[in-house]
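Trainee: This is what each chain is made of:
Number of protein chains: 2
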Amino acid sequence: MKTIQPRLPKGMRDILPRQMVLRQHVTAIVEQAFTEFGFEPLITPAVELSEILLGKYGSESEKLIYMVEHPGGKEELALRYDLSVPLSRVVAQYPELPKPFRRYQIAPVWRAERPQKGRYREFYQCDADIVGSASMLADAEIIALINTILRRIGFQQFVTLLNDRKILTGIGQFLGVPDVKLPELYRCIDKLDKIGLEGVRKELRDTGLDAALSDRVLGLLRPDGDRPVTWDRAALDAMRLQMSNCPLAVEGISELQELLSYLPALGVAEEFYRVDLAMVRGLDYYTGPIFETLVVEPRIGSITGGGRFDGLVGRFTAQSQPATGTTIGLERIIDVLEELQMFPADLGQTAVQVLVTVFNPELVSESLKLATELRAAGLHCELYYGKDALGNQIRYALKRGVPLLVIAGPDELSAGRVTVRDLRAKFQSQVARASLPQALRERLATPPIPEAH
Amino acid sequence: MKTIQPRLPKGMRDILPRQMVLRQHVTAIVEQAFTEFGFEPLITPAVELSEILLGKYGSESEKLIYMVEHPGGKEELALRYDLSVPLSRVVAQYPELPKPFRRYQIAPVWRAERPQKGRYREFYQCDADIVGSASMLADAEIIALINTILRRIGFQQFVTLLNDRKILTGIGQFLGVPDVKLPELYRCIDKLDKIGLEGVRKELRDTGLDAALSDRVLGLLRPDGDRPVTWDRAALDAMRLQMSNCPLAVEGISELQELLSYLPALGVAEEFYRVDLAMVRGLDYYTGPIFETLVVEPRIGSITGGGRFDGLVGRFTAQSQPATGTTIGLERIIDVLEELQMFPADLGQTAVQVLVTVFNPELVSESLKLATELRAAGLHCELYYGKDALGNQIRYALKRGVPLLVIAGPDELSAGRVTVRDLRAKFQSQVARASLPQALRERLATPPIPEAH
Numbered sequence: 018m019k020t021i022q023p024r025l026p027k028g029m030r031d032i033l034p035r036q037m038v039l040r041q042h043v044t045a046i047v048e049q050a051f052t053e054f055g056f057e058p059l060i061t062p063a064v065e066l067s068e069i070l071l072g073k074y075g076s077e078s079e080k081l082i083y084m085v086e087h088p089g090g091k092e093e094l095a096l097r098y099d100l101s102v103p104l105s106r107v108v109a110q111y112p113e114l115p116k117p118f119r120r121y122q123i124a125p126v127w128r129a130e131r132p133q134k135g136r137y138r139e140f141y142q143c144d145a146d147i148v149g150s151a152s153m154l155a156d157a158e159i160i161a162l163i164n165t166i167l168r169r170i171g172f173q174q175f176v177t178l179l180n181d182r183k184i185l186t187g188i189g190q191f192l193g194v195p196d197v198k199l200p201e202l203y204r205c206i207d208k209l210d211k212i213g214l215e216g217v218r219k220e221l222r223d224t225g226l227d228a229a230l231s232d233r234v235l236g237l238l239r240p241d242g243d244r245p246v247t248w249d250r251a252a253l254d255a256m257r258l259q260m261s262n263c264p265l266a267v268e269g270i271s272e273l274q275e276l277l278s279y280l281p282a283l284g285v286a287e288e289f290y291r292v293d294l295a296m297v298r299g300l301d302y303y304t305g306p307i308f309e310t311l312v313v314e315p316r317i318g319s320i321t322g323g324g325r326f327d328g329l330v331g332r333f334t335a336q337s338q339p340a341t342g343t344t345i346g347l348e349r350i351i352d353v354l355e356e357l358q359m360f361p362a363d364l365g366q367t368a369v370q371v372l373v374t375v376f377n378p379e380l381v382s383e384s385l386k387l388a389t390e391l392r393a394a395g396l397h398c399e400l401y402y403g404k405d406a407l408g409n410q411i412r413y414a415l416k417r418g419v420p421l422l423v424i425a426g427p428d429e430l431s432a433g434r435v436t437v438r439d440l441r442a443k444f445q446s447q448v449a450r451a452s453l454p455q456a457l458r459e460r461l462a463t464p465p466i467p468e469a470h
Numbered sequence: 018m019k020t021i022q023p024r025l026p027k028g029m030r031d032i033l034p035r036q037m038v039l040r041q042h043v044t045a046i047v048e049q050a051f052t053e054f055g056f057e058p059l060i061t062p063a064v065e066l067s068e069i070l071l072g073k074y075g076s077e078s079e080k081l082i083y084m085v086e087h088p089g090g091k092e093e094l095a096l097r098y099d100l101s102v103p104l105s106r107v108v109a110q111y112p113e114l115p116k117p118f119r120r121y122q123i124a125p126v127w128r129a130e131r132p133q134k135g136r137y138r139e140f141y142q143c144d145a146d147i148v149g150s151a152s153m154l155a156d157a158e159i160i161a162l163i164n165t166i167l168r169r170i171g172f173q174q175f176v177t178l179l180n181d182r183k184i185l186t187g188i189g190q191f192l193g194v195p196d197v198k199l200p201e202l203y204r205c206i207d208k209l210d211k212i213g214l215e216g217v218r219k220e221l222r223d224t225g226l227d228a229a230l231s232d233r234v235l236g237l238l239r240p241d242g243d244r245p246v247t248w249d250r251a252a253l254d255a256m257r258l259q260m261s262n263c264p265l266a267v268e269g270i271s272e273l274q275e276l277l278s279y280l281p282a283l284g285v286a287e288e289f290y291r292v293d294l295a296m297v298r299g300l301d302y303y304t305g306p307i308f309e310t311l312v313v314e315p316r317i318g319s320i321t322g323g324g325r326f327d328g329l330v331g332r333f334t335a336q337s338q339p340a341t342g343t344t345i346g347l348e349r350i351i352d353v354l355e356e357l358q359m360f361p362a363d364l365g366q367t368a369v370q371v372l373v374t375v376f377n378p379e380l381v382s383e384s385l386k387l388a389t390e391l392r393a394a395g396l397h398c399e400l401y402y403g404k405d406a407l408g409n410q411i412r413y414a415l416k417r418g419v420p421l422l423v424i425a426g427p428d429e430l431s432a433g434r435v436t437v438r439d440l441r442a443k444f445q446s447q448v449a450r451a452s453l454p455q456a457l458r459e460r461l462a463t464p465p466i467p468e469a470h
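Protein sequence lines correspond, in order, to chains U and G.
If you're matching positions, the first sequence starts at 18 in the working numbering and goes up one per residue.
If you're matching positions, the second sequence starts at 18 in the working numbering and goes up one per residue.
Chain U with its partners taken away, still in its complex shape (with noise of 0.2 Å):
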């Protein structure tokens, strides 16, 4: 029979045990602040009729949906492209859930984008959102979780950037910018914090915007030129008493106001957030509040957001719910905290906590039991399985990674005794074979201590 040679798809991985362990720390951080939040679990299918996810991303991310079908099937199915038209879809489909509905869904999406680092054609996604209902209290809740979630996993230094999409629309609507070159002028704001004022100057003059136009809206985003504006409650207030005759940008100055205002009593210290009127995120559909996190120290930019989008329940029934959420790239945070070596050291290598080691083949019934005991008590246990010699046990053990080895002799067990052994110290000990799950529970928990010389 000819052998298939063994690879993955393009951009594809796979993630091995040995990965995996940092993963699960993370993934296990984030389950846990979602589930305290009050979040529960959805699961949607990977594969959607193509109808329910086309027209939502725009068409240059269509070209990145991956396409599926079957011999002889009717349908058009495509896999997921995110998560949050999935779940568009489902509140639209069950009318019946309570609201707010709170789900959290950490799941892969499909994207064929080119490949290159730390960027993948199957990737996770952490979302959580609050739908039906438009309180700003779930914003506020969104951002707190956000907050909680980086501080769990070990970032110090973070800012969470907030603006409200009503506040942009408004201006742009206020000064007379045509609702075609809204897009645009938004996308040249975004750009602010990186090439400057005279920068976006030009940038909005290529797009053929008037030019007193785009001083005027520059004047308001940075009344003091390429400063940036510290945009606290007097700011604020200055700016809604300019914008007075524009109702939009009115409510989203407030809507701001008031979720700044439910921030500190949710924890969130001042140092974490920064109300920025010229941070645009890219997504199209948002609505109200939107949010984007930087990592400022050490300085590896923006590693998550999220904001309202009011109106994409509404694309799947005539009714819509107010909605909002974050998304947070899994892929994202695990290779910062790598780059960073930001894991903590006593993760280890391995899931593994004890290896099981077989003295002789005699007492093989004796290593079983004690494997048998030790996973009764709900200690993470292998058992060796050759016949090899004590030593060869031992260097497995050191190869994968293994901290704990227990080896049970003929002399041991007429004793009622084990042998402990910490890899990681060097150490060993005899231990009475009734508390050998609470002995080697504490050694697990206590930092190994060095071999001294």
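Be careful, since some hints might not be right.
Pairs count within a copy or across copies, as identical chains cannot be separated in the list.
Heads up, simulated EDC-like pairs for lysine to aspartate or glutamate below, C-alpha to C-alpha not over 20 Å straight-line [what the hints assert, rightly or not]:
| no. | residue 1 | residue 2 |
| --- | --- | --- |
| 1 | Lys91 | Glu130 |
| 2 | Lys91 | Glu268 |
| 3 | Lys19 | Glu355 |
| 4 | Lys27 | Glu92 |
| 5 | Lys211 | Glu201 |
| 6 | Lys80 | Glu93 |
| 7 | Lys404 | Glu275 |
| 8 | Lys219 | Glu86 |
| 9 | Lys198 | Asp227 |
| 10 | Lys116 | Glu86 |
| 11 | Lys386 | Glu429 |
| 12 | Lys116 | Glu68 |
| 13 | Lys91 | Glu48 |
| 14 | Lys134 | Glu201 |
| 15 | Lys198 | Glu130 |
Because the hints were derived from the structure by calculation, they are not lab data.
Here the structure of chain U is known, so what remains is to put chain G in place on it, guided by the hints.
Mentor: Just chain G now, with coordinates in the frame of chain U:
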């Protein structure tokens, strides 16, 4: 804008939060047992190169494989059909993986089968496999693993049938059944329990197998006619003697006897397993011990199975690897548990443990602080967003199935206290704010006391 009808592809479904409670209960048991037995997690992409999947499952099965493509893509892609073939690819692709490689994977697979009750086109498999060990200890541990999982889920009367492909193949070769007739022989013998000795004899005749040959095969498997054989040590020894000229069958019997010798020390009680030389599993690729677990009471039949497949890795690399493992179908287990109403009564309708109400809009910050404190203590806490009267908030919690409610009015707050209401027991009490997390935990751990009448 035209709305798109929200609906799912044929045979696909969403798992809504209420259903997820049951699902996570089962998944947690399965994953915990996998981890205790020393299995490590692996993620492979949903999309594989078609050539990896084709030629492994048989032509009928191949028709059920979903094909995948993206605009401009040059690769022939497909959605995975199971988790065993991707595992075999992984083992061949990364020869540096330490052996034995014990991995688990809980993930969806896709098959375009005709939808029917209990059968979905996307369904989840829970696979645990050991690659790189030919030891019968590996097979014995897989059986102990299945036993542990089913007992923890709540099954009490079930039995794992054991056989070895080498015995069947050996019997066939020994008696001179032509190789091309072997698959048909197995297919017929698999029906012994269903259609009895005469039924199988007739079916064998229909396949054109020589009648004397059929009788000799059936005479070996059922020496006492329709009465099933108890294949204890003595019966297996007798069979080994009869087959002593057939090394393959002798090897199979020895494997089974060795495997059986390990089960007591692994905590698998005798009532939970039985050798059945007439048990045949469907998949072609099994090469050694095979197992199939039946739930006996209530009589619902096969619930999981597995076996040794020493040749599969060899489809991808010159040097194959011995391998054994099991596949647990998550949906099958959940459907059975629901049908038999076997879920723990205290599982509830939601993972949310407590709803923090908002007494009035002036006190919203107090409720935010309470929610933040409870979350920091690890409780699963939802905050009420509306500005409704308390009665509406309570009705909402009842509808959602949230067990506990926290109420913080002005009098209570000024006294440093809050009210806890248990909606399951219609019980309420005031507790000091500092001990609120502890009080809620105790309530959750106590079965609710029904209201006195």
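Trainee: To test your reading of the hints: which numbers does this structure violate?
Mentor: Violated hints (numbers, rising): 2, 3, 8, 10, 12, 13, 14 and 15; every other hint is consistent with the structure.
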